[in-house]
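Q: So the chains spell out like this:
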Amino acid sequence: MSPPGNPNPRVVAAVLAHDSTDVSDTISRVRAQVYETERIVVVGSGSTGRHAADGAGVEWMSTVPNLLGSIDATVTHLWFLYAGALPRPDALEALISEAERSDAAVAGSKLVRADDPERLIAVGIATDVFDVPYLGLEENEIDAGQYDVVRDVAAVAGVSMLIRRDLARGVGGPDPKMPPEASAIDLCQRARLRGARVVVVPSSEVMYPADKFRAESWREWAGRIRAMLKVYSLLTLLWAIPLRLLIGLVEVVVSPFLGRWALFDFIRAWIWNLIHLPSLIRERFAARKGKAFGDAELFRYQLRGSAVLSDLAGEIGGRLRSRLDREDGRSLASIGNDLRQPAFIVGVLTVVVSLLSVRSLWSSGWPAVGSSMPLPESAGQAIGAYAGGWNPGGFGSTEALPPLIGFAGAIQWLLFDSPQLAAWTLSLLAVVAGIWGTIRLVRIWDIEVVAGWIGGIVLVAGPAAQAIGDRTAIGHVLALGALPWAIRVAVTKWPSGWAYRIGRLLAAGWVTGIMAILAPPLLVVPAGVLLIRVLLKPNRAATWRALAISIAGTVLAMPLLLPWLAVVDLEEYLTAGAEYWTPELIPLVAIGVAFAAGLLAAKGRQADAVLVGGVLVAGGAVLARGFDLGLGREAAVSGLAIAALGSSFVVAGVVDSLRTADIRGSRRVLGGLGAVGGVVLLALTVIPLYEGRGLLPSDEYTEPLRFTEAADGEATSSRILLVGPEDTLPGEWRLVRGAAYRVVSAPLPALWEVALPGATAVDQALESVLLGLIDGEESRAGAALAEFGIRWVVVTGDTPLEAVFDGQLDLISLGGAKRPTFLVDSENPVRAVTAAGNEWGRAGTGYAGEPASGERVRVAETANSRWSPGPWSQDGWGNEVSAATGEVWYEPIESRRSQASAAAGVLALYVVGSALARRAGR
Amino acid sequence: MIKRITAGVLAGAAVFFALTLPEPAAPAGPEFEGPEERESVASATASVWYCTWAASGALRDSTVMVAANVPVQASLTLPQQIVGEEPDTGEVELDAAGALAVDIGQIVRRGDTPLFVEFDDGPAAVAVVVESDELLTGDACVARIPKVWELPGGTTREGRTLTLRLFNPFPELAKVSVGGSSESGETGLVDLQNIDVAGRTWQDVRLNELVPLLDDLALTVTTSEGFVIPSLVVAGTGDEASWPGVAPGTYWEFPVATTSAAFAPSLMLSNTGATAVTATIDVFTAQGATPAAREVVVDPSIPKRVDLSDLADGALSVRVRSAAPLSAVVLAEESAVVDEATDEEGQVTEGDEEVVADRIAGTTGVAAPASQWLVPGLEAVSDGDSTLWLLNTGTEAATVILQPLGLQELDATKQSVLPGSVLEIRLGYDGSVGGYFIESSAPISVAWSVETEKGIMFVAGTVVGG
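Line order of the protein sequences matches chains C and Z.
Letter by letter, the first sequence follows residues 160 to 1081 of the numbering used here.
Letter by letter, the second sequence follows residues 24 to 489 of the numbering used here.
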C-alpha cells in the first residue's frame, strides 16, 4: 500500500462498460475533472466497449485484471466509474483529498439522480451480515446536505469508487463473476479484511440514472451470497448460511403478496453458487490469505438484523399506511371496500396461518406416526435409493420407492441436507400454495379474494384435508398445495404467441408433475375436474381448451414419475390397503347445507363453482369410501383430496355469493345459510391449524424408541421389531396368526421405510420364528431375532405377541422403557457383521466398518446379487460380501438410475422452458 | 336451473351411494391369546428342560440323563449363583436316537448347580440324579414354565427338612411370592412375598426356619414378573426326595407309589380351589385293580396326606380322580430303623439311638396315560437296581415295546401289561443303556425307580407327544 500523504497522487480512470450504456458522456465528464487523470481506460463489454473507446479516443481493456497489469507503479489510484456515471468536475479531487486526509484506501462518491440531482441515490452502502445492501434513504429523499460527512461505511457503490492501486492489485480487483453492486460490496469487504479503510466522500458528487442503480436480479442475489461465502470464517458461515437461507425462504413466501415472484431467483441464486463452487473456493482462499482482521471488523460496519426482512417489513408497513391514510379510511364503507379487496391483508393472514400451521415441524420435521416419518438423514442416499437404489423398507428390496422420496430428497439437498428444514419447507409451501392457488383458481368463477381465501383454508385444513392428515398421507397433504395450481395453469387465458403457448403447456406439465410426484393418483384429477367443467359448459371453447391443456399436462407429467411409474403395478398400487372415510356429522351437514344453499342461492359463475365443488365432494366421497369397490388406500386418500378440493369450491362459491348485490330476498337468506355452512367448515380448521403439525397427528414413536440411542454401540446398526395392533404400528405391517408386527430401523425409521415390500424369504423366516414363539417351541428368541439384525422388541399396544417374548432365555425385559420392551441378549444382533464378529454400522442404505482383507461380512438384508463388493454369495435369506474395503453398498439398477436422471432433466427442462417461453412470449 | 338441479341430484345420488358403501370388516385380530403353554412333553421340536435340583461338589455328584428319539445336540447351561457371572456350559451330541449320562462334575464342581438343557431337535427328555454317600434322589426335568406352580407334599415335621429352590434361568429378574397351606390352613409366609430372584441365579428357602413343625405343607409359587422353576426337597437324616412343581389336574396316575412294604407310601393332595374336593383313589398292583379303594375330601387350603400303606401289601400304583383340580405327589418313606446303642451290659442307652435307615422317594404323577414314553436314565444309575413301572389303567391289555437307548443300537424287548394292573420290570444296572423309549399299543403311564442302600428315588417318565 502507498504510504499516506502521497504528495502527488496519480490516478487512472477506468470506465466499466457493463452494458450497452454509452460511455462517451462519462468519458467527457472524466476529462472535465479539475484533478486530471493519467489515463482513461474503458474496460469490458467486448467489441461494444472497444468501439465506444475508439469513438471517445481512449484506451480499451477487456478486463480489470488486464488493466491492473498495464498500470505502472507511479500510478497511485484507480478510479472506477460505471458507464453512465456523470461525475461533477470536482468529484475526483474531493475523493483524492478526502481519501488522503483520512488515510482511506477505498473512497466512494455520493450518488444523486441524473434526472433530478437534488435527490439522493446513495451515500455509501450499509449491508447486513448477509451482504444485502441497505441504503438507509427514503424514497426520492432530497439531498439537503444531511449526509455530508466523510464516514466509514460497509461499502461504497461501484458507480464511482477510488481505490489505491496497490490494494486493487493485492485483492485482485473486482470479481468478474459478480454483478456490479455485489461486486462493489465484495471488493470493499476484501479490502477491509486487509486492513483498509472504506469511506464515503459526500463532497464528491456523481450523477447516475436512478433506474440503473440497484437493478434487483437473481445475479445480484447470487453475488451477495458469493460475497458472503468468500469473506467470512467457517464459524460465521455455520450460522450465516442457514439464516440466509431461511430469510430467503421468508422472502419467497412473502414476495408474491407484494407483487413479486422470488422463488426462482432464490433457487437460481443458490444453484449458481453451487455451480461456481470451485471458483468460489479459489476466491475465498485468495480473499482470506493475508487478512489483517477477522469477521468482527466487517461486523462493525454492518447493520444488525436482516436488510431483507427490514425491507419487507417497511414495504408491508407502507402498504398498510397507504390504505389507512386514505381520506375515507375510517368510514365503514371504506372498510367494506377493503374487505372486498383485501389482497394484502389476506396475504398477511395466509403467511401467518401457514407459519402457524407448520410451526412444530421446524425443529423436528415430520412426526413419526402412522405413515408419516422423518425424512432420511442423507438427501443423497434418499435420491440414490429412489434412483434405482436399495429400498430399505422392512428387510429391503428392489421395489421402487415412491417419487415423493426422490423429490423430498432433492429439496433436502437444496436445504443443506437438513431433513427437518426440508419437511418444514415442503409443508409450509404446500399450505401457502394451497391457499394461494385456491384464491387464484376460483378467479375463473369471478370469486374474489376473501371467499377464495376461505376456500383455500378449507382445502388445506378442512375436514377432508384433516382426514388425509389423520391417515398420515404426507404426499397427499403436500399435493393439496399443488392441486389448484395444476388446474389453474390449464384454465388461465390461452396466450396468443406460440412461445407463450409452449411455455404454458410446459408449465402444465411440470406443475401437474410436481403434484403427481407428491401423490401419483392425483395425476388425472386436474383433467377430471376440467371434464366436469366441460360437461357443465359444453358450448364454451375455453373449457374444452382448458381440458386439452390439462390432458397435455398430464401426459407431459408422466415422465416425471419415472422410474417409479415404469415398474409399479398400478392395479396393486390403487387397490392395496384398506381405507374408509367416515366423516363427522357436523362437517357433513355443513358441506351439505353449503352445497344445497349455494346451488339455490348462487348465480352465474359462483353457482358453477358450487356445482363443480359439489360433484367433486360427492365423487371424492365415493372414492374415499370405496373399499367395497375394490379401491385401496391410495385411491381412498386421493378421494379425500378431491373432496377437499370440491369443498373449497363449494365454500368459496357460496361465501362469495353474498357479495353479489342482485341476490335478494329468500335467495339471500339461503346464501347466508350456505355461508354459515362455509364458516362452520372454516371454524373446524382452527384446531388442526393451531396444532402446528401440518395436519399430521402428534409423534408416537420418537420418544418410545429414543432409548435405543442410549444403548451400547450404534443403534443404527440394528433393527427393532414392533408388535401391536395395526393402528399402532408405523406404515404397513405384516400378520402372523392375525397379530400385526413389523420391523424398522433403529433408532427411528425414516419415510422411505413406511411401505413394506412384498414378502420374501427373509419375511418368511421371521414369520417362522414368530410362529415358533407362539407355539411355545422357541426358547432363545434373542438368538433367532439377532439373525435378522433385531436388537429390540417393542410392544406398541395390546397384542398377544407380547406374551410370546416372555420366558425366553436370551431376551431381557427393559423396565424403564416407555413401552414394554425386550432387549436381545445374544451375540451380534446387528444388520451387518463380519465372520470374526465385528459389527458394521449403517451408512445410508449400505454399511461401513473396519476393513478386513480376506474376510466376509454378512448383510442381513433380502438376498440380492447387487450387494457389493463382490464376490457376492447368498447366505440363507441374506447376503455375504467382501469386507475388504470397509464398505458395503447396493449397486444401483442402471436403467432406473437413467430414468430418474431423465425425469430430473425433463423437470428442469419444463421449468426452464416454461420460464424462457413465457419471457419470449412477452 | 335444470342443469343445476340435474347436477345437484347427481351429486346427491353419488353422496347417497357413498353413504351406502359398507365399511371394511374390522381386522379379524389375532387368532391366539398368547403363546402355547409349554408342557413337559418330549415333542418333535427344539426344547429346553430345566433341572432345578442338582449339585456337583465335594459331597455330591449329579448326573444329567439325556435321551432322544432323533439325533440331537444338547447344550447344558449351568448358571452361577452370583449375579452377572458367566454360566458354565457343556455340549453333548447324539448322532442317532439314544441316551447318555453326563456327569456334571466333568463340567464344573461348585456345589449346587441347577441347570437347563437345550435340545436342537426332539423328541428328547432329561432327568437328573443326585447321589452322595448318604442319598439318592432325582426326578425328570421340566419344560413347562407357568406363572403359578403348585408344590404339594412338603413337611417340616421333626426329622425332616424342607427346602424350596427357586431357579431363575432367564436373564431378567423374577419377582416371586410363595404361599403356603398346612394342616392348620393357610400359612402366613410373610417373608416370602415379592422375593427378587435375579436373572440366571437361584435362591434356596429353608422352610423349617420359617414354618417349623408342620406335618403337611403345600406351597404355591407365583411370579409377578419373570419366571422361576421351583423344586421342593424333603430331606431326612440322609436321603432326600425332590420333585418339581405341578399343575393342578383332575386325573393323576402314579405308576409307582412304593416299591415294597419297607417304604410306606402316602399320597399328598392339595386343593387351591374355593370348595372342598372329593378325590377317589384307585389302587393297582400286579394282581389287579381296586377301584375306589379310598375316597377322601380335600378341603381348600388344607393339604391332605393319605396313607396308602394299608391298601396293599408291597408295591402298588395309584390313580387319583377328582371332580375339581387337585395337585398331588406321592412319597415313599422308609420306616425309620433305629439302631439303639447299648451299654456294656446290653442295656439300651437313652438318647444314643442312631437312625440307620430313612430312605425317601417322591415323585409327581402323570396327568394322562400315553402310548409313547421316554425314560432317560433308566438302567444308568450305577450301584442301583432300576425298576420300570408300567401302569395300565385301561380295559385292554397293552403290548409294550421296550427299546433300550444308549450310544449304540440295542435290541428291544416286548412285554404285555394286563388291564388294570401294574407291571414291574426289574432291570438292574447296565452301563451301555442310558434310558428307554417305550411304545405301547394302549395308553399306559410309566415311571421308574432306583433303590440303593443309601437311598431310593422315583422318576416319572416323559410323555412323547406333539
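Be careful, since some hints might not be right.
The calculated DSS-like cross-link candidates involving lysine-lysine, where the alpha carbons are at most 27 Å apart (straight line), are [to be verified]: (1) Lys198(Z) - Lys170(Z); (2) Lys696(C) - Lys198(Z); (3) Lys652(C) - Lys696(C); (4) Lys696(C) - Lys762(C); (5) Lys977(C) - Lys26(Z); (6) Lys762(C) - Lys652(C); (7) Lys26(Z) - Lys652(C); (8) Lys371(C) - Lys336(C); (9) Lys371(C) - Lys450(C); (10) Lys371(C) - Lys448(C); (11) Lys762(C) - Lys198(Z); (12) Lys198(Z) - Lys977(C).
Reference listing, derived: stretches of chain C covered by chain Z, where coverage requires no fewer than 3 residues with Cβ under 8 Å from a Cβ of chain Z [as the list claims (entries may be wrong)]: (13) 186-193; (14) 468-476; (15) 767-774; (16) 887-898.
Just some of the chain Z residues that point at chain C, by a computed CB distance under 8 Å [as the list claims (entries may be wrong)]: (17) Ala346; (18) Pro348; (19) Ala390; (20) Ala393.
Bear in mind the hints are in silico, worked out from the structure with no lab data behind them.
Quick reminder that beta carbons are idealized off the backbone N, C-alpha and C, glycines included.
Q: Can you give the numbers of the hints that this structure goes against, from lowest to highest?
A: Of the numbered hints, 2, 5, 9, 10, 11, 13, 14, 17, 18, 19, 20 do not hold.
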